[in-house]
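Here the protein sequences line up with chains A and B, keeping their order.
Just so it is clear: in the first sequence, position 27 is 681 by the numbering used here, and no numbers are missing.
Just so it is clear: in the second sequence, position 32 is 686 by the numbering used here, and no numbers are missing.
Do not take every clue at face value.
Any copy will do: because identical chains look the same in the list, a pair fits if it lies in one copy or spans two.
No more than 25 Å apart at the CA atoms, straight line, and that leaves these computed lysine to aspartate or glutamate pairs for DMTMM-like [to be verified]:
| hint | residue 1 | residue 2 |
| --- | --- | --- |
| 1 | Lys674 | Asp719 |
| 2 | Lys844 | Glu685 |
| 3 | Lys842 | Glu817 |
| 4 | Lys842 | Glu715 |
| 5 | Lys803 | Asp719 |
| 6 | Lys844 | Glu832 |
| 7 | Lys803 | Asp825 |
| 8 | Lys788 | Glu853 |
| 9 | Lys788 | Asp850 |
| 10 | Lys674 | Glu853 |
| 11 | Lys844 | Asp819 |
| 12 | Lys764 | Glu797 |
| 13 | Lys767 | Asp798 |
| 14 | Lys842 | Asp753 |
| 15 | Lys767 | Glu787 |
| 16 | Lys764 | Asp753 |
| 17 | Lys842 | Glu784 |
| 18 | Lys764 | Glu745 |
| 19 | Lys844 | Glu784 |
| 20 | Lys844 | Glu715 |
| 21 | Lys803 | Glu853 |
| 22 | Lys767 | Glu797 |
| 23 | Lys674 | Asp798 |
| 24 | Lys746 | Asp825 |
| 25 | Lys842 | Glu685 |
| 26 | Lys674 | Asp850 |
| 27 | Lys844 | Asp829 |
| 28 | Lys844 | Glu703 |
| 29 | Lys674 | Glu757 |
I should point out that these hints are in silico values taken from the structure, not numbers from a laboratory.
Fair warning: this is a prediction, and the values are worked out from it, not measured in the lab.
2 protein chains.
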Amino acid sequence: MEGKQRGLLLVLSAPSGGGKGTVMKELLAQEENLRLSVSATTRAPRPGEVHGEQYYFVSREEFEDMIAGGRMLEHAQYVGNYYGTPRAPVEKWLTEGRDVVLEIEVQGGKQIKSLCPDCVSVFILPPSMEVLEKRLRGRGTEEDALVRKRLETARGEIPHAAEYDYIVYNDRLEDAVEDIQAILRAEKRKYSRNRDFTERMNAHA
Amino acid sequence: MEGKQRGLLLVLSAPSGGGKGTVMKELLAQEENLRLSVSATTRAPRPGEVHGEQYYFVSREEFEDMIAGGRMLEHAQYVGNYYGTPRAPVEKWLTEGRDVVLEIEVQGGKQIKSLCPDCVSVFILPPSMEVLEKRLRGRGTEEDALVRKRLETARGEIPHAAEYDYIVYNDRLEDAVEDIQAILRAEKRKYSRNRDFTERMNAHA
C-alpha cells in the first residue's frame, strides 16, 4: 500500500559497548526493505575487512575530493582518520522507497540532523551502567585498564542521547529490534510524511 | 521494563464512515494496557445504550458544572448536545501507567492538542473515496440521499487530518491496528518522554 513513498533514513548511534552492531545485524536480517549504508574511511583495512563490506577504504585525497564535491552526507575525523557517508547510494535507495540505516559515531549525530532534518535518529543505550560494564568485561580478552577506559568513553557519550529523536534500551535484543521496527512503521504514518493524503484518496475516485 | 512511565493519551478521530469504531474495538481487544475513556453527553440514551458504557448520560446542568469546575478535558457541542471527556479517570489511568484512548469528533481534535500537548493524535482515513462510498452504501439500510449526505460530511472532515500527528489508512483492519500499536510503542521511545535516561541507567549502578 505504501507505493512510492520515499524511504526513511535511520541513523543509529550508541555509546561504546552499547551493542549497536548486534542490533543492526538482527534488524537487517528481519527488515527486507532496509539497506545498510557502508561508510567510507581513510583508515587501513584490518585483517579480514573487505572493501565495500565493512567500509569503502579510500585515500585521504579521494576522501577530501568527495567532501569538496558535496558527495559526503556527513563526515567526521576520529583518531586521525576520516569516516563518512557517501551520499549517492543513500539517495538512490531512498528514492526507490527503501529505508536506509546509517551507523554513526556519537559525534556525527548532530551533523546529520542538520544536513537531513527528515531522518529518524535512534540512540541505543544499555539498560544500566552495571550491564554495560559486564558486557565490556564479558568480551574476556580485554584488560582491566582497557575496560575502564571504554567505560569512561561511554560515560562521556551517553549524554549525547539528548540529540536523538528516540532512545532504545538494548536489554533484550528482540525488544530493541522490535522497538526500532515500531519506530520505522510509526514514522511512516506521521502526518508530515503524508501531506498528499487527499490526492491519494482521490486517486481511485 | 517500562516501570512507572506515565501512560500515553491516544486521541482517535475519523471522518464519517472511516471505521473508527471497528479499529477501536480491535485495538482494545489486543492491547491489555489500554483503557477506553467513556465520554459524557447530554443527549438522551438510545435503546440499548447503557450509562457508563457508550456514554455517561448527564443533564445539561451537570455537564455545565463539570465544564465550570475544570472537570472536562475537552468538550464540544454537536447537533445541540454537549459531548465531552471527564478528566478524572483519564488522569488516574495515565498516572498508573495505563494508556488511554479517546474517541473524539473531528471538531474536538484541535482543542485537545492545546489542552494536552503531550497526547498522541491519530486520524483514521479510508483508503480512498471509492471505498468510503462503498462502506457507507454497504450498511444496506441507508437511503441514497442519506449516503450522499454522509459522504459530503466526510469530505468536509477529511482535511482536518492535517491537525493530527499521524494518519492511518483503514484498508485492512489488522494493518490499521498494527499501525496504531507501532505508534504507541514508538512514542514511548521518544527522547522527549525519556529525559530521565541517565538517572535510570544509574539506578542499578
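Classify it for me, Lys803 with Asp719: is the Cα-Cα distance of at most 25 Å met within a copy, between copies, both or neither? neither (35 Å within a copy, 63 Å between copies)
How do Lys674 and Glu757 come out at 25 Å by Cα distance, when the copy is not named: within, between, both, or neither? Within one copy only: 8 Å inside, 39 Å across.
Under a CA distance limit of 25 Å, which applies to Lys764 and Asp753: within one copy, between copies, both, or neither? within (20 Å within a copy, 32 Å between copies)
First find the shortest C-alpha distance between Lys844 and Glu715 inside one copy, then the shortest across copies, and answer within, between, both or neither for a cut-off of 25 Å. neither (41 Å within a copy, 40 Å between copies)
Within, between, both or neither: Lys803, Asp825 at alpha-carbon 25 Å: Answer is within; shortest intra-copy Cα gap is 22 Å, inter-copy 53 Å.
At most 25 Å between C-alpha atoms: does Lys788 with Asp850 qualify within a copy, between copies, both, or neither? Close across copies (22 Å), not inside one copy (49 Å); limit 25 Å.
Classify it for me, Lys844 with Glu685: is the Cα-Cα distance of at most 25 Å met within a copy, between copies, both or neither? Intra 20 Å, inter 21 Å, cutoff 25 Å: intra and inter.
When no copy is specified for Lys746 and Asp825, does a C-alpha distance of 25 Å or less occur within a copy, between copies, both, or neither? neither (34 Å within a copy, 29 Å between copies)
Is it within a copy, between copies, both, or neither that the alpha carbon of Lys844 lies no farther than 25 Å from that of Glu832? The answer is both: 19 Å in one copy and 14 Å across copies each meet 25 Å.
Status of Glu784 relative to Lys842 across identical chains (alpha carbons, at most 25 Å): For Lys842 and Glu784, the Cα distance is within 25 Å only across copies (23 Å; inside one copy 35 Å).
Intra- versus inter-copy proximity for Asp850 and Lys674 (alpha-carbon distance at most 25 Å): between (35 Å within a copy, 21 Å between copies)
Check Lys844 against Glu784 for me: Cα-Cα at most 25 Å, and say if that holds within a copy, between copies, both or neither. Result: close only across copies, 23 Å inter versus 36 Å intra.
Of the hints listed earlier, those the structure fails to meet are numbers 1, 4, 5, 12, 13, 15, 20, 22, 24, 28, in rising order.
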